[in-house]
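Novice: When you get a sec, could you build the whole thing from the sequences and use the hints?
Chains as they are written, first to last, in the working numbering: chain A, 1 to 560; chain B, 1001 to 1299; chain C, 2001 to 2364; chain D, 3001 to 3301; chain E, 4001 to 4342.
Don't read these hints as lab results, they were simulated from the structure. These figures come from a predicted structure and were not determined experimentally. Beta carbons: idealized from backbone N, C-alpha and C, even for Gly. Careful, some of the hints might be misleading.
Within a straight-line C-alpha distance of at most 25 Å, the following computed DMTMM-like cross-link-like pairs (lysine to aspartate or glutamate) qualify [stated by the list, open to error]: (1) K4126/E with E4182/E; (2) K296/A with D478/A; (3) K343/A with D495/A; (4) K1081/B with D3264/D; (5) K3263/D with E310/A; (6) K1231/B with D4188/E; (7) K3263/D with D524/A; (8) K268/A with D3197/D.
Computed beta-carbon distance windows for the label pairs [as the list claims (entries may be wrong)]: (9) A2220/C with P25/A: 23 to 33 Å; (10) F3044/D with L2162/C: 21 to 31 Å; (11) A3030/D with V2146/C: 35 to 45 Å; (12) V3065/D with K525/A: 51 to 61 Å; (13) F2189/C with A3030/D: 32 to 42 Å; (14) A2344/C with A3132/D: 20 to 30 Å.
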Amino acid sequence: APTTGGPTGGGGGGAKGGEFHGGWPYVLAPQGHWNFFATNAILGGGIYTDLFIPSLAVYRWVDAKWDFWLAQSAQQNGDTYEVKLRSGIKWDDGTPFTSKDVATTYWVGRLASYGIWNFIDKITTPDDQTVQFHYSKPTSLGERLILRNGIKPDKIFGALGKKAQDFYTGGGTNSSDAGKALVAEMNAFRPDKPYSVGPYKVDPASVTAAQLTMVRNTGGLFADKVNYDKVVVYQGETAEITPLVLNGDVDYATHGFPLATDKAFQDKGYKIVRGPIFTGPALYFHWENAPEFQDKRLRQAVAMAFNRDEAGKIFYGSSARAPQYMVGFADSLVKNWTTDQSKFNSYAFDAAKADQLMKDAGYAKGSDGIYAKGGKALAYELYFPSDFQDWAAAATYTADALTKFGIKVTARGAIRSTQLPDTNAGKFTIAMNPWGTGNPHPQPSLVRPFREFSKDAPGGGMKYPLTQTYSGGSINFDTVLDDAITGFDTAKQKDPIQKIAQAFNELLPCIPIYERLNNNPINDKARTAGWPGLDDKIYQQGGGDNFAIVMIMDGTLHKI
Amino acid sequence: MCLVGESGCGKTTTGRLLAGLIRPTSGRLLYEGKDVWQTKGADLARFRRAVQLVHQDPYASLNPTRTVFQTLSAPLYRHKKARGGRQALAAVSELLERVDLTPPDNFVSKYPHQLSGGQRQRVSIARALTVDPKVIVADEAVSMVDVSIRISLLNLLLALGREFGVTIVLITHDLAVARYFARHGRIGVMYLGRVVELAETESLVSDPAHPYSAALIAAIPEADPEITRGKKRVELRSAEIPSLLDLPPGCTFHPRCPLSEAGLCDVKIPELLAIPGHREVACHVAVRERTAEPAAATA
Amino acid sequence: MTAVPVATKPVGVGWDPRRYFGGFWRHPFARAVLKAVLTVWVTTTLTFFLIRLMPGNPVELKIDELIQTANGALTYDDAKAIASGLFAIDLNAPLHEQYLSFIGSLLRLDLGRSFLSSGTTVTSIILAVLPWTLFSVGTGLLLSFVAGIFLGLLAAYRRNSLLDRIASTGGSLVSSIPNYNLALLIILFAGVQWHLINFTSMRGAYTSGLEPGFTPAFIADIFYHAALPITIYFLTPLGHWILSMRSATLSALEEDYVTAARARGLSDGRIRTAYVGRNAVLPLVTQLAISVGFIVGGAAVIEQLFAYQGVGKRLLDSVTQRDYPVIQGVVLLTTISVVVANLAADLLYSKLDPRIGRAGGAAG
Amino acid sequence: MSTAILARPTLGQRVAGPMVATFEFLRLLATRPIGLAGFVGIVFFIFLAFVAPLFVPLRNDPSLVDIYQAPSAAHPLGTDFQGRDVLNQIVYGGRDILTVAILAALVSTFIAISIGSVAATVGGRLDTAILAITDVTLTLPKLILLIAVAAILRPTSFVFLAVILGLLQWSSLLRQVRSQVLSLKERDYVEAARSLDLGLFHIVFREILPTMRSYIVIHFILAMTEAMYAQVFIIFLGLVPVSGSNWGIMLYFAQGQGALFYKDSIWYILSPILAVSLVQLSLVSFAGALEDIFNPRLRGA
Amino acid sequence: MPVLSVRGLSIDYLTRRGAVHAVRDVSFELEKSETLAIIGESGSGKTTLAVGLIRLSPRGTRVATGEILYTKDGMTSDIRKLDDDDLREYRWAECAMVFQAALNSFNPVITIWEQFLDTARAHGIKDKHRVRERSAELLDLVHLDARRVLPAFPHELSGGMKQRVLIALALMLEPQMLILDEPTTALDILTQRSIIDLLRQLRQRLGFSMIFISHDLSIAAELADRMITMYAGRVVERARVEDMFYRPRHPYSLGLLRAVPRVSGALGSVASIPGSPPDLIRLPKGCSYAPRCPYAIDACREAEPPLLKVDTPEHEAACIRWQHVAEVIGSKAPLPVAEKLA
Ligand SMILES: Nc1ncnc2c1ncn2[C@@H]1O[C@H](COP(=O)(O)OP(=O)(O)OP(=O)(O)O)[C@@H](O)[C@H]1O
Ligand SMILES: Nc1ncnc2c1ncn2[C@@H]1O[C@H](COP(=O)(O)OP(=O)(O)OP(=O)(O)O)[C@@H](O)[C@H]1O
Ligand SMILES: [Mg+2]
Ligand SMILES: [Mg+2]
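Specialist: So this is what it looks like as C-alpha cells:
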C-alpha cells in the first residue's frame, strides 16, 4: 500500500476569520469528560476531535493514499513501521509535540485495547521526532491502526503510559487482575481540562447542553493554515440538529437525515453531499429458528423478492442504494480487492425469479402465502432496532414487501439496546443487523456476519455454520478471514478475499439490503465558502476520514 | 322497653350490640339462654335474624339504588319465604299494608328518593319484619322524621309489637317519646355507656332515683309554657361531659353529680342494683337512701 | 376532579401500629417520613431487580457501539476487550450479594459510577441535571398552581359566566392534551410553521459561554432557556387546578361557616381569602405534591423534545445506553425528590389545616 | 293485583329500568354540550377504531412517488414517509391503542375494586398492609418507573403492555374505593342487610358496588385516559417494541422521520397528535359530565 | 315602634323544576326585647325566612315581594334596599344570627380568636386590645374560659362550647336583634338546657330582641313571648305564646300541639297529623293545609284564606274554620291546659 504523499489540497486560499458551525451529539459533563482513551469523552469518537487531537495522518480514499498530519512521513522497514513527526508543533500549554506523546498514546492505548496491539509487540522512540512500531504479526491493516488514532499529550497521560509500558514489557496482560486494575484506572482517569495539539482547542467554559466552541490553538498543527477563528459544535442527535440546520445555524452536519428533512434542506437550497458509508442494514436468518433458510435458494429468493433499492430510498431517497455486488463489503471496494467480478450475482428485484427459486426448493405458492411441502405456511418476525429510524423504515417496508411476496413477515422493533442483546442471544427468526464497515480493507466488513453476529456473539447470534460449500468447493470462513489480512502485501490478500466474496455472493449468509450514503447538508450561504462542487472526489471520503475536517485542516474552507 | 340517654352515651352501640352486629369487648349477650357469641354459623345467623334493627336516619337506611320491592324481596328470597315473583309480590304487598303503606301498588316500584322520610321509615320497619324477628331494636327510629308524624310511627311500632308478639326496644334521647312509647313498659337511662337506672316508666318519670335521671327529667323542656317555665331545676356541678376515652374513676357521673360524695363516688364504680319499687339503679347514694339495709345490698 | 372521598374512620380498625411504635408513630410527620423511606426503598429495590432481569448486558451494547463508531478500526475482539475493561461490576455474582453490596454503598451515599464513564460518579451526573429539572418543573408547576387557583376561584365566584366557561372548558381542553403532543404542537406551529419563537436558540439550560452565577443576566438567560419546558409544565396541569379549585371553591362556598362569615358582615375580600380560598386550597396541596411525581416523569419527553438538559433526558439516554447505575440513580433520586415534595406537602398541609397536626390520621 | 304490576319491579328493573335510566341519562347529558360532545367523540372513535376497519380496506403499500403529499381527495390527510395514506393508518391505528387503554383500565380498576373492597371489608392486618403498599405506590414517580420498566421488561404483546400500565396506576383508585367501601359498609342499609343475613355476596354486589357504579365508571374512564397517555408516551419514546401500526407508532415515526420540519408533512404528524388528543379530550369531558350528572351536589342550578 | 317589621315577604328558590315558593306573603313584627318563636315542620320555610331577613339567601333565590323594615333610634330603613356597605353594617352589628348548623359556623382552619378579630375588624374596631377584652368578657358571659377558648381551633371545642362561643360572638357588637335557627337541635338535653337558660339570662340582662326558630314546640314554650306557626311557606297563625298553646285557632297548630307527648303530667291523647306537606312548586288550590285538615270544607279548597283576627287583636289565624277549631278544643279535645285546669 502506498505510504507516501504530503498534504495535498487548497492550502489557505480564502480569508482568515469567521466561524464554522457543525453538529455532533456529545455527552455532557460530568458524564462527558476529557479522557479520550475512555468512552464518553466530550466529542469523543467524533470527527471534530481531529481538530484538537489530530492523528498522524488522514486517508484520501479515492487516491488511496495518506495525507500526513502530525506525521512528516512514514515508512515500512521490514517488520518495523517508522513514523517521522513534524517538528515545531506545540501543545496548547506550550509543551512541544514529540515522539513521547505518540508513544504514550499507544502505550495507554494498549490499556484501551487499541487494535494495533494485536499485531505489534513494542514501540520505540529513537529520537524526539521518530516513532517505531515493531510488528509481531505483520498485517496490512496495521497502517491504518497506527495512523488514525488521535495523539494525546504525554504531559497528562505520561504517568499512566509509563505504568502501562512497564506492565506490558513485564509480561502483563489485560485479562490478568493487575491488567484489569490498570484498565480500570485508565478508564477512571479524568484530566481536568481539554488539551490540544491541533489547530483548535475546546473552550471548556463554552460547553453546554446546546453547543460548545473551539478557538484557535496558535502553536498547534496547521495553526496558520486553518481559516476560521472559531468552530462551534452544536450538540444533538438528528432530531435536535434538524431545526438548527433548517434555521441556518449549522453549516455542515453529518447526521443521517430522513427524507422529509432531506427535502426540506433542498428546499432551503442547501447542498447535499452523498458520500459513501460502506455500511447498511442486512437481513440475518437464524440458522436454527428459521431452518427453512438453511436452503440457500430461499435466501436467494428473498434477496430478489423485494425491491431492496426502494427499501433504502424510503428513508434516504437517493442517499441509499442496493449493492451491485452482493459480497458482504461495499461496492466501491470490490474492484480493488477482488480478481473477478463477473460471477457476482446482483440479485436485482425479480419476483418471478424468486418464485421460481421457491418452487425449485419445493415450496408452493397459494393465494395467501407460500407453503412448505408439509403445508406449513412461512411466517416470521423481522426483529429490527426501532430507534434506528432509517432501519425502521426499511424494516417495515421489507416486512410488507415480503408478506406481499408470500412469506408472512411481521416487523417487530425494539430499541437497539434491547434488540441487539436479543439477536446476539439468538432470540429471533429474522433480524436486521448491520453489514459492512467503514474500512478501506474489506476484511473488517466480512468479519461482521461470520464472527460478530454468529461465532463470537454471546449466545451464538444467528448460529451460521462457518464451514460451507459453494461452487468453489468447501470453505471455512474463519480461516479465510485470517488469511485475508496476513502480511503487508495486499495483492496477496486478494485471493482469499475473492474466495469469500464469491462464497458470500452465492450463499448469502446475510442479505445486505442497501448501502447507505450519507446525506450531509452543506450550507454555503451563511458563513462558509470554499466547498468544491458536489462531484469532487473529496466527498468520497469514508470511514471517519471526514472531508469537512480535511478541508478545514488544509484551509480549503473559509468564511464567506 | 325504652332506652334513653344523651347523645353519644352509647345507645346506638348498645342497639348494635343487641342485634349482634358488633362483638362485645367483655360480658355476654344471652338469647334464649345461650351466649350468642359462643354460637356459630347458622345459630348466630338465626339470632341475627331474630333481632332486627330499625335505623335512625331514614335517608341512609335504604339503599338508594334499590326499589322498595327489591329491598323487601331480597330477604324473602334469601330465607325461602317466597319463591318466584308472584309470591314475593304478594308477600311484599302484605308487608306494606302492615306498615300502612297503602295501596301497596303505589310503592313497590319506587326508589327511596321518591319517598318521604316517614314512608322510608315504614319501609325500614317492613324490611325488619321480613324475617319474622322476635325483637326489633328501633334506634332513634322517629327522631329524624317530622314531629307531625312521629306519633303515627310510634303507634305503628306499638301495634306491631302487640299483634305479632315482637318485643320492641326503642332507643331515643327524647324522654317524652320514651314515656309515650313505653307507658306500659320500662325505661332504661344510659349515661356514658352504662345503664344507670332501669325502672317502670311512670315511676321513673315521676320519681327518678338516679341523680342523672332526675337532672334529665328536670332539664327537659315541655311543650307547655306554664309547666316548662315552672319546672324545678337540678343544678349540676359541671356542664362538661367527660370524654369516653378518658372516663372519670368511680361513678362516671360524679364530677357533675349534685349528690356526689368524695371518697365514695369518685372511687368505686356503682353497680346496677335492685331497689324497692321494681327498679334498678346504679348509684351509691340512691341505693343507700332507698334501701333499708344498704350494706346487704352492696354485698 | 376526583369525587370527594368519604373520610375513613381511622379509629379502632384492626392492627394498631401505635402499640409497636409508641408515641413516635402517633406523630403524623414521623409516619410520613417512615412512608417516604419505605417508598424510596421499594422503588430502589424494584428497579434494582428489574434491571437485573434484563436480558443481555451493557457490555454487548458497548461492543456494538464501539464497532459502529470505530469504522473498522476495531475488530470484534478488540471491541470486546475494550468493553469488558469498562465494566467494573461483576454481573455474574449472585443477585442477593449484588443487592446487599448495592444497598451497602447506598447507605454510604454512594450510587456507584456510570458504566459508560467509569471515572464519573452517578451522583455527580445526576446532580448536574437534577437542578435543571427541579427548576423548570418547579417553576412551571408553581406558576400553574397559582394561576389555576386564582382562575378557579374566579370561575367559581362567577359561576356560569363567560369567564367561567372559558377557564373551565379551556382548562380541561389543554389538560387533556398529552404534554408531549402539546410540545410537538408548539414546535410545529410556534417554531416551524409560524416562526413565532426561535426555539433553536433556546436549547440547553443556558447560553454557551455565559458565566453561571446569580447575575440578572444569567437568571434571565436560564428563564429564557427554560421557557418552553416551563410553558408545558404550566399548561398541562393548569386545567386540573382550575377545575379542582373551582369545585373546591363551590363546595366551600356552600359551607355554613362562609354564610356565617357573611352574616357577621365580613368583607368579601376577607371571606374570599381566609374563609373560602384557604379551605378550598387545602385539598389541592396534596395533589400538588402528587403532581410533582407526574411532572418529573413527564419531563423526560419534554426535555428530549426541547433539548433541555434535565434528569428526564438523562434517564432516557441512560436507558438507551443501558447505563444501569445511572438508571438506578436517576430513579432513586427522582423518587427521593418526589417523596420529599410529598413530605413537604404533608408538612405544609398540617400547617395549613389545624385539624391534621393534632388529631392525626388524615395525613397521607 | 295484576300480573302487569308483578312484571314491573322484577322485569322492570331489568328492562324498563335501564331504558328509562339511559333515557334520563341522555337527557341530562344533552344539557351539557361539552359532555355530549365528549360522548359523541368516544362513540365516534370507538366506531373508527373497531368498526371502520371492517369496511375500509387496509392500504399500506409503500409508494415512493407519493411520499409526503398534502391532503387531497385521494388522501384526505395526505401521505406519510412511505407514501401510505395517513387517514387509512388513523383508521387502522386506533384499535390497539384503545384496546390497551381499555384493558389497562380494566386491570387497574379490577385490582382497585377487588383488593380495595376486600381490604375494606376484611380489615385488620390485611387492610393495614394493603394500605401501606398503596400509600407507597402512590408516591412512586410512575412515569419514571414506567420508562425503566418498559425498557427492561420489553412488553411484546399488547396484553402485557396493558397489564404493566394497569399495574402502575391502580393505587389512587384503590384508596378511594377502599375508603368508599369503608364508609358504605357502615351505612345503615348495609348493616341492615347484615342483620337480615343476606350474605356477603349480596352485600358486596347488590348493596355496596351498585351504589359505587357511577363512581367506578368515571374512574374507569379516567384510568383509560391515564393508560392511553402512558402508552403513547412510551411508544413515542421508542421504549416498547413496535409492531404493526398505531397512533403511537405513527407519532414515533413521524417525529423520527422529520415530519415535524417539512412543510408538506404537517398533516402526517398532526393526525396522530389530533387523534390521541381528541380521544383524551372526549374521555375527559365525558367523565366530567358524568361526574356532574352523578353527583347531585354539583348538579346545581 | 317594632324593631323589625316584615311585610308581605315572599321568597322563591329558582330550580330546574320550577320556582319553590318557600316563603309566601309573610308579615310579622318584632318588638323591642321580645322573643318571637317561629315553629313549623321541616321544610316549612323557617330557615329561608330567617336567612332572608339578613339578605343572605343563597344563589338562585328570588325575593319576590315584600319589605323588611328595620328601626333603630327612630330611623326606619328597608333592608332590601340597603347598599352593600350598609348591609354589612346591618349584619351582626344590628342583627346577629346563630345558624341552624351552628356547629359548622366556624372556619375550621383559623382560631376562634381570629374569627372574633375578623368580626370586630369588619365593623371598624381596629384596637386588638379592646377586642380581646371584649371577647373575654363575652365568653365569660357564656361561662367559658377565654384563655382556653380563644387560641383554640373550632374542632377542639365540643358542640355545646361552640354553640356558646357563637352566642358570645353574636353579642359582640351588642345587636338589637338576634336570630337563632334551631340553636339546640344537635345538642344533648343537659347542654340544651344550659343554652336555653343562658339565652334567657342574657336577654334579661342585655335586652335584645330575639327571633327563635325551631320545630321543637317545647323550646318555644320555654323562651317565646309570641309565636308564629308556619306551614308551607305561609304564616298560618300568630299569637302570644299562651294563646298559641292553650287556644290555638289554626288546625295545623292544633295538630302540632297534639303530636307532641309530654314528660310530666298526664299523657293525654297524642296523635299525628296524617299526610305530608305539599309540594312547594305546585301548591294545591286553596288552603295548602286543606288536604291534611280534618275540618276542611269545600270552601277551604277554593281560596287561600287570609290571616284573620281571632279572639284577641294580637291573635291571628289563617283559617276560615277557626271558630270550629275553637269549638273542638272547647268540647272534645282535652288540651294539657284543660287537664291542668280541670
Ligand atoms: N365505630 C366507632 N369507633 C369508635 N368510636 C365509636 C364508634 N361508634 C361509636 N363510637 C363512639 O362511641 C360512643 C357511643 O356512640 P353511640 O353511637 O352508641 O351513641 P348514641 O347514644 O347512639 O348517640 P346519638 O344519640 O348521638 O345517636 C360515642 O362517643 C361515639 O363517638
Ligand atoms: N337552595 C334551595 N334550593 C331550592 N329549594 C330549597 C333550597 N333551600 C331550601 N329549599 C326548599 O325550600 C323549602 C323551605 O326550606 P327551609 O330550609 O326554609 O325549611 P325549614 O323550615 O328551615 O326546615 P327545617 O326545619 O328542616 O330546617 C323546603 O321545601 C326546601 O326543600
Ligand atoms: Mg345513636
Ligand atoms: Mg331550617
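Novice: Holds or violated: K343/A and D495/A, Cα atoms, limit 25 Å.
Specialist: holds, 15 Å
Novice: Can the restraint linking K296/A and D478/A be considered satisfied, given a maximum Cα separation of 25 Å?
Specialist: Judged against 25 Å, a Cα distance of about 19 Å means the pair holds.
Novice: Range first: 51 to 61 Å. Now tell me if the beta carbons of V3065/D and K525/A are that far apart.
Specialist: violated, 30 Å
Novice: Hint says 21 to 31 Å; check whether the CB-CB distance for F3044/D and L2162/C agrees.
Specialist: holds, 28 Å
Novice: For A3030/D and V2146/C, compare the CB-CB distance with the range 35 to 45 Å and indicate the outcome.
Specialist: holds, 36 Å
Novice: Given the hint that K3263/D pairs with D524/A, does the C-alpha gap stay at or below 25 Å?
Specialist: With a Cα-Cα distance of about 22 Å, the restraint between K3263/D and D524/A holds, given a limit of 25 Å.
Novice: For a C-alpha distance cap of 25 Å, please report whether K1231/B and D4188/E respect it.
Specialist: holds, 18 Å
Novice: Between K3263/D and E310/A, does the CA-CA distance stay at or below 25 Å?
Specialist: holds, 23 Å
Novice: Are F2189/C and A3030/D spaced within 32 to 42 Å by their CB atoms?
Specialist: holds, 34 Å
Novice: Taking 20 to 30 Å as the hint, is the beta-carbon distance of A2344/C and A3132/D inside that range?
Specialist: holds, 21 Å
Novice: Go ahead and decide if the range 23 to 33 Å is satisfied by the Cβ distance of A2220/C to P25/A.
Specialist: holds, 28 Å
Novice: Below or equal to 25 Å on CA atoms is what counts here, so check K1081/B against D3264/D.
Specialist: violated, 75 Å
Going through the hint list in order, the structure does not satisfy hints 1, 4, 8, 12.
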